[in-house]
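Undergrad: Spelled out, the chains give:
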Amino acid sequence: MVSARRNPNKIREGSIIVDIILYAIAFIICLITLYPFYFVIIMSISSPQEVAAMNVFWYPKGFNLGSYELIVKDAKMWWAYSNTLIYVSAGTLLNCLMAVLGAYPLTVRNLKGRKWVVAYLLIPMYIGGGLIPSYLLVNKLGLYNTMFAVIIPGMVSIWNIILVRTFFTTIPDGLKESAFIDGASHLQLLFKIIIPISKPILAVIAIYSIVGIWNSWFDALVYLPNEKLHPLQMYLYRVVVQQSVDLKMLSLDDAKNAVATMLSNIQLKYAIIVFTTLPVIFTYPFFQKYFIKGALLGSLKE
Amino acid sequence: MKVISQPGKRRSFHLRDHVQLYLIMLPVLVHLFIFSYIPMYGIVIAFQDYYPGKPFLSFTDANWVGLKHFINFFNGPYFGRLMRNTFLLSFYFLVFGFWVPIVFSLLLNELKHGVFKKFVQTASYLPHFISNVVVAGMVLSFINVDGIINVIIQMFGGTPIALNTEPAYFPAIYTITSIWKSFGWSSILYLAAMSSVDPNLYEAAKMDGANRFKQMLHISLPSIRPTIFILLIFAIGSLLSANSEFILLIYNPMVYETADVIGTYLYRDGLLGGNFSMGTAVGLFISLINFTLLYVANSLSRKYSDYALW
Numbered sequence: 001m002v003s004a005r006r007n008p009n010k011i012r013e014g015s016i017i018v019d020i021i022l023y024a025i026a027f028i029i030c031l032i033t034l035y036p037f038y039f040v041i042i043m044s045i046s047s048p049q050e051v052a053a054m055n056v057f058w059y060p061k062g063f064n065l066g067s068y069e070l071i072v073k074d075a076k077m078w079w080a081y082s083n084t085l086i087y088v089s090a091g092t093l094l095n096c097l098m099a100v101l102g103a104y105p106l107t108v109r110n111l112k113g114r115k116w117v118v119a120y121l122l123i124p125m126y127i128g129g130g131l132i133p134s135y136l137l138v139n140k141l142g143l144y145n146t147m148f149a150v151i152i153p154g155m156v157s158i159w160n161i162i163l164v165r166t167f168f169t170t171i172p173d174g175l176k177e178s179a180f181i182d183g184a185s186h187l188q189l190l191f192k193i194i195i196p197i198s199k200p201i202l203a204v205i206a207i208y209s210i211v212g213i214w215n216s217w218f219d220a221l222v223y224l225p226n227e228k229l230h231p232l233q234m235y236l237y238r239v240v241v242q243q244s245v246d247l248k249m250l251s252l253d254d255a256k257n258a259v260a261t262m263l264s265n266i267q268l269k270y271a272i273i274v275f276t277t278l279p280v281i282f283t284y285p286f287f288q289k290y291f292i293k294g295a296l297l298g299s300l301k302e
Numbered sequence: 001m002k003v004i005s006q007p008g009k010r011r012s013f014h015l016r017d018h019v020q021l022y023l024i025m026l027p028v029l030v031h032l033f034i035f036s037y038i039p040m041y042g043i044v045i046a047f048q049d050y051y052p053g054k055p056f057l058s059f060t061d062a063n064w065v066g067l068k069h070f071i072n073f074f075n076g077p078y079f080g081r082l083m084r085n086t087f088l089l090s091f092y093f094l095v096f097g098f099w100v101p102i103v104f105s106l107l108l109n110e111l112k113h114g115v116f117k118k119f120v121q122t123a124s125y126l127p128h129f130i131s132n133v134v135v136a137g138m139v140l141s142f143i144n145v146d147g148i149i150n151v152i153i154q155m156f157g158g159t160p161i162a163l164n165t166e167p168a169y170f171p172a173i174y175t176i177t178s179i180w181k182s183f184g185w186s187s188i189l190y191l192a193a194m195s196s197v198d199p200n201l202y203e204a205a206k207m208d209g210a211n212r213f214k215q216m217l218h219i220s221l222p223s224i225r226p227t228i229f230i231l232l233i234f235a236i237g238s239l240l241s242a243n244s245e246f247i248l249l250i251y252n253p254m255v256y257e258t259a260d261v262i263g264t265y266l267y268r269d270g271l272l273g274g275n276f277s278m279g280t281a282v283g284l285f286i287s288l289i290n291f292t293l294l295y296v297a298n299s300l301s302r303k304y305s306d307y308a309l310w
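In order, the protein sequence lines correspond to chains A and B. Numbered per full-length UniProt numbering, the first sequence spans residues 1 to 302. Numbered per full-length UniProt numbering, the second sequence spans residues 1 to 310.
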């Protein structure tokens with residue numbers, strides 16, 4: 001795509017005024033996109049008094065990390081954090097594994113009943129039972145209120161299988177043939193030869209599931225009444241949306257600090273948003289190319 | 001490993017191969033059977049009086065009630081409100097939001113390749129990767145009575161508005177936030193389509209005296225026409241599936257009048273309220289409508305524009 005381009009900057013030159021207008025619009029769009037994040041960040045580190053008085057708009061006023069201190073001291077937050085790490089790592093591994101296992105047999109052209117298998121895989125993309133039948137099923141299986149309830153139902157994604165299958169079909173047949181001549185079974189071929197050279201597509205899938213699971217909360221809302229099992233997003237939901245977690249109780253400060261504690265409580269929601277979002281924001285620029293790759297690959301199948 | 005495949009000497013396929021391959025697939029097939037096909041079958045409870053504790057896979061001791069739950073829902077007090085809200089929220093997003101990524105990608109396409117363009121692009125994708133809970137938390141704190149929006153209103157001499165409890169404002173809040181969250185990411189497909197345009201086309205157009213606006217109109221825009229049509233079909237096909245997971249986060253009982261959609265009602269009344277049969281019926285009803293819409297949009301598009309999903 002890039003190589004075919006002959007210095008496009010030269011070709012599309014126009015009047016400078018138009019350029020200035022275009023750049024100004026782009027700058028405003030950028031501002032609209034980023035300002036809410038910036039606002040939340042400066043609110044979270046300004047002094048509590050300024051935050052309560054809503055005086056902070058363009059730069060932090062005063063400097064105070066009190067609300068971060070409160071969060072870091074909260075054992076519930078760390079519970080939720082470690083739960084999220086479990087959900088993300090287990091979910092991502094299973095997602096990749098299932099995508100590989102589902103995709104490989106489909107690339108074998110003379111597999112008997114391949115058409116039927118493809119139909120079997122595609123039907124759930126269009127028809128689903130919906131929220132309540134799934135909920136009842138998870139209950140019947142005894143997964144309700146266990147960690148498995150948010151890991152297992154989501155571990156197969158047809159979309160991922162299609163992506164991996166598309167990648168597998170680009171692997172030259174010669175490679176597979178030679179492995180068979182060496183006496184390898186299909187499973188050996190898959191794990192010893194195909195998976196090691198499929199890292200690019202596995203990276204795309206892994207990153208999509210990492211971000212997807214990191215951000216997901218609805219499954220936990222439906223399946224996990226037990227707070228001990230809640231992922232970080234549910235903790236965030238309780239603090240920011242339901243406002244049911246009262247962090248000012250956590251502070252062990254004495255009475256004279258009560259006012260300061262109350263003030264920083266207003267700040268808390270900003271700090272907690274920053275705290276839970278930082279991992280995504282920091283890793284996002286590095287992962288961005290995988291996201292774009294995934295989006296473009298996904299659109300090809302249509 | 002230097003063996004090169006010899007087309008004539010393809011290894012023959014044995015039963016053993018099929019067994020191996022099916023065993024490899026087995027976990028996926030079983031998973032789909034359990035977590036996709038059984039719930040699909042579970043739709044039958046929409047036509048039964050199901051209560052918890054009953055085996056929902058059994059046909060024998062099911063109280064079949066026919067279309068009772070559908071009829072109850074249609075005649076229920078909330079039917080009109082739910083349909084209106086579900087439709088309107090998606091409709092506003094379509095009308096006010098659909099063109100935003102198109103215009104944005106055309107704009108980006110006019111910028112020179114460089115750090116700034118890259119930065120704008122990266123920034124515009126960012127909201128897509130932020131969780132709904134975070135976005136909801138930000139929106140809720142902004143629209144609060146003492147939130148930043150009311151502070152700005154007061155700075156210009158206005159009186160604070162109860163944005164989060166006044167039903168009239170909910171559609172705007174939902175639509176603006178949804179557009180903000182999605183426009184950058186939605187522009188990716190358009191940008192990809194435009195980047196594959198042959199630069200010589202622009203050059204030729206310039207020779208013929210086309211200015212930049214004309215080039216955009218006659219070269220860039222046509223290059224993304226198929227993408228526009230396909231995404232439009234999708235958007236029309238989901239006119240009755242407002243993003244209820246997000247609405248659930250930002251609404252409250254005071255704004256149900258304009259905020260309560262079928263998805264949120266299904267969660268509240270069907271799941272939390274334990275009306276499993278009714279909830280399943282509502283879910284089925286809405287998927288049928290969405291599928292019909294998608295089908296109609298696709299047929300129309302194929303008839304009038306040559307672009308179609310299938």
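Hints in this document: simulated from the structure, not taken from any laboratory. Here a beta-carbon is modelled for each residue, glycine too, at the ideal position from N, C-alpha and C. Be careful, since some hints might not be right.
From the structure, some residues in chain A lie toward chain B, with a derived Cβ separation under 10 Å [to be verified]:
1. TYR23
2. LEU65
3. LEU85
4. ILE86
5. LEU93
6. TRP217
7. LEU224
Which bits of chain A does chain B cover? Going by a derived footprint, with three or more residues having C-beta under 8 Å, they are [to be verified]:
8. 36 to 48
9. 70 to 84
10. 124 to 136
11. 200 to 210
12. 276 to 285
Undergrad: Evaluate each hint against the coordinates.
TA: Comparing the hints with the structure gives:
1. TYR23: holds (7 Å)
2. LEU65: violated (19 Å)
3. LEU85: With a minimum Cβ separation of about 16 Å from chain B (threshold 10 Å), the hint on A/LEU85 is violated.
4. ILE86: violated (17 Å)
5. LEU93: violated (13 Å)
6. TRP217: holds (5 Å)
7. LEU224: This interface hint is violated because 14 Å lies over the 10 Å limit.
8. 36 to 48: holds (count 4)
9. 70 to 84: violated (count 0)
10. 124 to 136: Per the Cβ count (12), the hint holds.
11. 200 to 210: With 0 residues closer than 8 Å to chain B, the region 200 to 210 of chain A misses the three-residue bar; violated.
12. 276 to 285: holds (count 6)
Consistency note: the structure conflicts with the earlier hints numbered 2, 3, 4, 5, 7, 9, 11.
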